[in-house]
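Novice: Chains as they are written, first to last, in the UniProt record's numbering: chain A, 1 to 311; chain B, 1 to 322.
These are calculated hints, taken from the structure and not from any lab test. Keep in mind that the hints are not guaranteed to be accurate.
[Unchecked claim] With a straight-line Cα cutoff of 27 Å, these simulated DSSO-like cross-link-like pairs (lysine-lysine) come out:
#  : chain 1 : residue 1 : chain 2 : residue 2
1  : B       : K239      : B       : K225
2  : B       : K3        : B       : K131
3  : A       : K208      : A       : K140
4  : A       : K42       : A       : K208
5  : A       : K41       : A       : K20
6  : B       : K131      : A       : K42
7  : B       : K3        : B       : K239
8  : A       : K48       : B       : K229
9  : A       : K140      : A       : K199
10 : B       : K89       : A       : K41
11 : A       : K48       : B       : K129
12 : A       : K20       : A       : K42
13 : B       : K129      : A       : K41
14 : B       : K76       : B       : K89
15 : A       : K220      : A       : K41
16 : B       : K3        : A       : K140
17 : A       : K140      : A       : K216
18 : B       : K2        : B       : K131
19 : A       : K20       : B       : K129
20 : A       : K220      : A       : K208
21 : A       : K216      : A       : K199
22 : B       : K239      : B       : K2
23 : B       : K129      : A       : K42
24 : A       : K199      : A       : K220
25 : B       : K239      : B       : K129
26 : A       : K140      : B       : K2
27 : B       : K229      : B       : K129
[Stated by the list, open to error] Pair ranges (Cβ atoms, derived):
#  : chain 1 : residue 1 : chain 2 : residue 2 : range
28 : B       : G139      : A       : P224      : 42 to 48 Å
29 : A       : H38       : B       : E215      : 26 to 32 Å
30 : A       : E46       : B       : R7        : 39 to 45 Å
[What the hints assert, rightly or not] Some chain B residues flagged as far from chain A (calculated, every beta-carbon gap over 12 Å):
#  : residue
31 : K3
32 : I21
33 : I26
34 : L53
35 : D54
36 : M56
37 : R79
38 : G80
39 : D94
40 : A109
Where a beta carbon is used, it is the ideal one built from N, C-alpha and C, also for glycine.
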Amino acid sequence: MAKLLTPLNQAALKAEDFSKIERENKEISVRYDRGFFHHVKKALGENKIAAVCLVILCVIITGALMAPLSSVDPDYMDVMNKMAGPSREHWFGTDELGRDSFTRALYGSRVSLLVGFATMVVSVTAGTCVGAVSGYAGGKTDMILMRIVDMFQSVPSLLMIIVIFSFVPNNMVTLVLMLALFSWTGVARIVRAQTLTLKERDFVIAAKTLGVSHVKIILKHIIPNMTTQIIVAASLSIAGAILDESALSYLGYGVALPKASWGSMLQNAQQYILYDPLLALIPGMFILLTVLCFNILGDALQYALDPRLHK
Amino acid sequence: MKKFVLRRFAQMIFVWILVSIFSFSIVYFAPGDPLYIYMTPGATGHKMTDEELDRMRESLGLNGNVVEQYMSWAGKAARGNLGISINNKRPVLDQILEKLPCTAGLMGASLVLSLVLAIPLGLIAGTHKNKLADNIISGLTYLGISVPAFWLGIMMIIVFSMTFKLLPGSGMRTIGVNSAWDVIQHGIMPALVLSLNNMAVFVRYIRSNTIVQLEEEYVLTAVSKGAGKKRIMYGHVLKNCMLPVITSVGSRLGTLVTGSFIIESVFAWPGLGTLGMSAINNRDYPMIMGITMFSCTMLLLGNFLADILYGFADPRIKQGKE
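Let's have the full structure, built from the sequences with the hints guiding it.
Specialist: Structure follows, in structure tokens:
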């Protein structure tokens, strides 16, 4: 657009150029106001890889949900077949106690995905609240809240989580809360930045003039207008949470045994990597695949909703 | 500019104090009396009396409520006294400074590695937008941000140290060998694994900036003046691309610190991370506090420097407009 207006090109400007610019602007403003599902459809239609990722994720999630329907017991020890390679009976082989790796990974996905989703819900909720209040209020409130965000981002989170686990009982709920405690800050930053631009827009100013309360403006006008951004952040936040959980489990501070997540399977496998690298390969591949899909999906969505990228 | 620097500095100090309060209170609530180790009779069979314990408590700053204890700790810490490690009764600061070069070296090497590789990759991807080269590079960046670093570390140990025996899989030095080359050989894998995540992020920044910058008019001007492709890319585009990358280096330091904790424990690299993990296992709270404050100081200073650098590089901030 700017190129057209340079002196060099001015002579060449025609009426259709103006109408083209007008059309583009209209398109952009329409895009802004479209709903979430429109963006999803558009993102998946344009980006085949993202569509494939969605399918893979659906398969993994279905697998995790359906795991109890399988006749194989994840804790059953086939003592005669310890650390066996892949076979028809054991698709991914067996571990050091003769348990079926595939079934273990399937059950592990229940833990990993649940922790990922729950952490995402908590951190996105907290991040949205803090970010919206911070951006909307501005001034001192904003300053203090943002410094708290800074604080959480500069503490070595893993170290702190492990210290907290020395006096807090280690279970799924506390694990989720701990992971969320150190991951809501990213969402808060995104939401704050969005709020800063949204609060200048006409409909918010109109609502203010009409005397709508601040809480209502934030809840009814500001947050609903950034659903897509929040969902992008959520998708990336699940990916982050799964990675964090696996790192924590790997260090031995994750979900308590005998429940296995992908991370604790990896930790377990490390002692035997010399004899059976497959044990470490499989849970890692599951983590990689899941996180990869969430990341690609989040990005595709972000791309679809950003009007500047659609020239 | 001066005002900008001062404000950033004040913010940094404020966050620094917040971090110290936060981590101190967490460590305060952790169980286990740090004096426990003095209470049990040692080799001499001498058990400390209550009176002695009280005196000890006072000298270690462990009496009074949480606020008093914090003030006493902060007062000492400000003078460079981070207390004495409960585990081996040596000053915390000495032990940290001993390990700091290892961690700083690893982090520095991985940061340099990620930037050196990210700049050409990002430029190539940006100039070949949506072509094969871009697709391959972008795909790799997705892998870079999605792969669990510790798992990649394990896999690399399996492949490069155990199967092909090319590189040593753990530690920092071979016993009895004292050469820089030996340390480098040990450091290649941890530095590479640690740099992947940041590299991927930098490549994406540089790629998207290159795409934006190539649309700018100054590129058109440079082309019409007959400047060569190399000169345009490295003289003009890269310069403008690097601005946001500088700031992102600051914000990526957090990943680097946390990442080095895990990578160090995978490769048994004798740095702050390993020290921290053993401190946790020993309930060595002064050490945990010391390491927390040290990593957060590194991080905050890095962020601060990145901001200042950005301020210097961006004339809008330099002139006091933000």
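Novice: Honestly, which of those hints from before does the structure not fit?
Specialist: Per hint list: 2, 4, 8, 10, 18, 28, 32 and 33 violated.
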